Amino acid sequence: MKANEYKISSEKFVFCPDNANLHDQKLETKPVTYMQDALNRFAKNKASIVATFIIAILVLFAIIAPIASPYQVKDSDSNYAYVVPRNELFYNLGIKFWDGGTQKTGIPKATYDQYRAIELELTKIDPDRKVIMTEPEINKIVYMGKEKEEYSFRLDTYNAVGVKWVSLSTARYQLLQEYQDRTGIQVLYPITDATLRPEAIQDKSNGNIWYKTRLGAGQKTEIVYDADGNFIPIYMADNGTDMYTSKIYWEGDQKLYSYAEKKSGDEWYVRVDYREYYSFYHQEVLKDRITQPSFLFGTNDSGKDIFTCLASGARFSFILSIIVASVNLCVGAIYGSIEGYYGGRIDIVMERFVEILSSIPFMIVIVLLRYHLDASHMVILFISFFLTGWTGMAARTRMQFYRFKNQEYVLVARTLGAKDSRIMFKHIFPNAIGTLITGSVLVIPSVIFSETSLTYLNIIDLNVGNMTSVGTLLAKGQNFLFTYPHMILFPAIFISLLMLSFNLFGNGLRDAFNPSLRGTE
Amino acid sequence: MYMFKYICKRLGLVLMTFTIIFVMCFVLIKLKPIDMNTVGIGQDADKLRRLLEARGYLKPIPEQLFLYLKRIVLDLDFGVGVYIPQYSGQPVWGVFIEKLPPTILINVYSSLLAVPVGIVLGIFAALKKNKWQDHFISTAVMVVISVPSFVYASLLLFILCFKLPVDLQLPKSMLSLPDIVSLFPEKGLQYIPLTFNWDLYFNWPMIKSMLPAVFAMSFGSIAGYARFTRAELTEVLTSEFMLLARTKGLTKSQATVRHALRNSMVPIFPSIVGEFISVLSGSLIIERIFSIPGVGALYLSAINATPVPDYDFFMMLSAFYTLIGLVAGLVIDLSYGVIDPRIRMGAR
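Taken in sequence, the protein lines are chains A and B.
According to the numbering used here, numbering within the first sequence proceeds without interruption in unit steps and concludes at 524.
According to the numbering used here, numbering within the second sequence proceeds without interruption in unit steps and concludes at 1413.
It should be emphasised that the hints constitute simulated quantities derived from the structure, not laboratory data.
Since we're looking at a predicted model, the values are computed, not measured.
Do not take every clue at face value.
Partial chain A-side listing against chain B, Cβ under 7 Å, derived [as the list claims (entries may be wrong)]: (1) M239; (2) G243; (3) V368; (4) L371; (5) Y459; (6) L460; (7) L484; (8) F485; (9) L503.
Chain A residues, not near chain B, derived (Cβ > 10 Å throughout) [to be verified]: (10) T32; (11) T36; (12) D40; (13) V53; (14) Q177; (15) S261; (16) E264; (17) D269; (18) R318; (19) V334; (20) H375; (21) L390; (22) M402; (23) N409; (24) N434.
The beta carbon of each residue, even a glycine, is placed where N, CA and C say it ideally should be.
Turn these sequences into a full structure, and let the hints steer you where they fit.
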């Protein structure tokens, strides 16, 4: 080997400047942080992604629906109680589903005729106001030796409300007549003459009976038909005392009938088309955003809009669970870190305290708080979750601290003179954060579930003012399970979807934050 | 010896926890002075005052606690109902014993249904791992575990008791037992050995009326066992001793039954034990939905009594639920050591 073969010419050597910083080369690829890695692996889990979307939709529903809906939780109208869900789009297209109609089967002729009478009365003004939405199927059966007809048809529960007796003040009565003239909508219907059907006094306040009836067998109201089988009208003839000045008349006749009955002093009894009156009442009197009765999820037994109630209840549940989860995370993390980091006697004492606290049944905590605190149930709910909820998070944090506190990097930090608090929160805590985040996200569905159970069992009652809860809706729906199943359907779907997607979401999160699963999928 | 020491230690801790909760609960419920002017529906203020005075409810709290414990130890007297209208003046223990059979029976039936069905489903899913059978079972299990019990209980009620053809329908609520043997005559309050008239419970109409509740109750457990068994068994099936068993000449089914199944039962068995201990406690929600005249319904009426929760019923039932919870947890922990000798309890 010749010495000069590897000779590098001396010009190639340069002096390193005294103040130069020498670096390694920068990495060509981007480093993947812990969080990014978790996110990547979460994105691979399809079920979790779908669940995330569903949760987002439900949260949006809870935020937007109470604002967008014209109804409020406190709005109730007993005339529109038990009305079934109606989607205006489906209704206008004539689809026989979600259109505010229910399929009625085995209806006797008398009941069918009552519905037909309502329809006759309403279609005199507006031919589209069908009560019986489909042609009835007539089924002839023999029952106890007699031949009977049974009708099956689809009933429009909104139009079936029909005509109602309403009592108005003089001012309101005149306002209503003004409204009629301005819009051209006939709201007031001719009143009926009760003397023409004196036997059937039990139907006196039923505005839908405009035809002659009599008291039949078993104190039941029977319809009296004329020779052709038609109804016999019993409208009150005009006697000039009804102060009716509106230009709109019944069937174009120039004031044949009487439109109001004067009760004591300033009070008028009128018969109104209830749908139009409802619009008038909300637009002219209350001046709110309600234009006409249409309930997307139907109404409950007190005539409250289930859509709005459900959204408000959901909104409260979300707010409660997020607050509880974050408070639990803070308290539990601090408590658990102290326990886990110091260990020994401190740990034993603190752990005993947690053990006792967590073995008290939640029900006892609630009942004792309810008994002692003179606060609203909402406050009690918050306090009881704060009191016992953090123990799970503390146990989780404690375990993480036990896992990490004897590792070398902690020893190094301690050798370098780091304070306890610095080691705890700068060195150990960031390593535990994945598990803690998963844990506190999973607190959200469990809080919602507890809240729903408690309100369902009526141990906590949140129905104050403009508030309600999903549990209350479910409990109410439970009472009408066999008669009006729509009342429980939507709250049940909501809570099931929420729980299911939170479970899937939580599983995905747990796997994503578990570094030991990296590369195994 | 080591095991004995450990059990004693755990028992002592359970006892301590229970005592603290019991005393705390007692003191807190008695801390608020009794308002003599607020009485429940249909109650006489004067009669109420006499009842409360006779039982020493107006004395200082420590003395009351002493009296309460003394009565329990000597006479098994847990007090009398005050604010629940239908049990006003009746001994708590007697009412409790009367309410226990429906709760226990429904729980026992549902456990008897849930444990085998759940485990079989889990084994099936594990053996068919990643095939459509497994996906189907796992999805169903996920749904049942997530959906709250009041939703699927309502659905069951709707289908079983309403939508089915009339001759297949099940009763909507459980039959009541107005004439169940009264254990405690109103005065005596002595402990008589339990003599139930079991015939009242073991007949077809009674069992039929319990079925919807039993199904609803078992659904959650079935899903839980299926998931647990599947997870354990899939893990065991991939372990190395299974390979050894096959190399030794066992068929796949022999290896699965003799080796995999046994090992996978280690964590499952304790939870079965736990299930059979908590048959006593039942579920408030299921009992409400199916109108079961059980302990849960009693607890609810004690909590929701007006104007205040009923002292003695609330005290006794709270203590009962707390104790069940604590004992179940303890037994589950201990049974790990019993079933698997590799686990040394309390070892560091």
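Evaluation of the provided hints:
1. Hint status for M239/A relative to chain B: violated, with the closest Cβ pair at about 45 Å, above 7 Å.
2. Look at G243/A: its Cβ only gets to about 54 Å from chain B, farther than 7 Å, so that hint breaks.
3. Interface restraint check for V368/A: the shortest CB-CB distance to chain B comes to about 10 Å, outside 7 Å, so the restraint is violated.
4. For the restraint placing L371/A at the interface with chain B, the shortest Cβ-Cβ distance is roughly 5 Å, inside the 7 Å limit, so the hint holds.
5. Restraint check, Y459/A versus chain B: the minimum CB separation of about 6 Å is within 7 Å; hint holds.
6. About 6 Å separates the beta-carbon of L460/A from the nearest beta-carbon of chain B, less than 7 Å, and the hint is met.
7. For L484/A, the interface hint holds, the least distance from its beta-carbon to any beta-carbon of chain B being 6 Å, beneath 7 Å.
8. Satisfaction of the interface hint for F485/A is found here, the shortest Cβ-Cβ separation to chain B being roughly 5 Å, below the 7 Å cut-off.
9. The criterion of a C-beta within 7 Å of any C-beta in chain B is met by L503/A, whose closest approach is roughly 4 Å, and the hint holds.
10. In this structure T32/A is separated from chain B by more than 10 Å, as the shortest Cβ-Cβ distance comes to about 34 Å.
11. Listed as a non-interface residue, T36/A keeps its Cβ farther than 10 Å from every Cβ of chain B; the least gap is roughly 31 Å.
12. The claim that D40/A lies off the interface holds: its Cβ sits roughly 25 Å from the closest Cβ of chain B, which is beyond the 10 Å cut-off.
13. For V53/A, the condition that its CB be more than 10 Å from all CB atoms of chain B holds, with the nearest at approximately 13 Å.
14. Every CB of chain B lies more than 10 Å from the CB of Q177/A, the least distance being 47 Å, so the non-interface label holds.
15. With a minimum CB-CB distance of about 47 Å to chain B, S261/A clears the 10 Å threshold, and the non-interface call stands.
16. The beta carbon of E264/A is kept farther than 10 Å from every beta carbon of chain B, the shortest such distance being approximately 41 Å.
17. Annotated as non-interface, D269/A keeps its C-beta farther than 10 Å from every C-beta of chain B; the closest such distance is 39 Å.
18. Residue placement check: R318/A keeps its beta carbon more than 10 Å from all beta carbons of chain B (closest about 19 Å).
19. Every beta carbon of chain B lies more than 10 Å from that of V334/A, the smallest distance being close to 21 Å; the non-interface claim holds.
20. Distance check on H375/A: its Cβ comes as close as 6 Å (rounded) to a Cβ of chain B, failing to clear the 10 Å threshold; non-interface status is violated.
21. The Cβ of L390/A sits about 13 Å from the closest Cβ of chain B, beyond the 10 Å cut-off, so the non-interface label holds.
22. No beta-carbon of chain B is positioned within 10 Å of the beta-carbon of M402/A; the least distance is around 16 Å.
23. For N409/A, the non-interface assignment is confirmed: its Cβ lies about 14 Å from the closest Cβ of chain B, beyond the 10 Å cut-off.
24. Here N434/A stays apart from chain B, with its beta-carbon at least about 24 Å from theirs, past the 10 Å limit.
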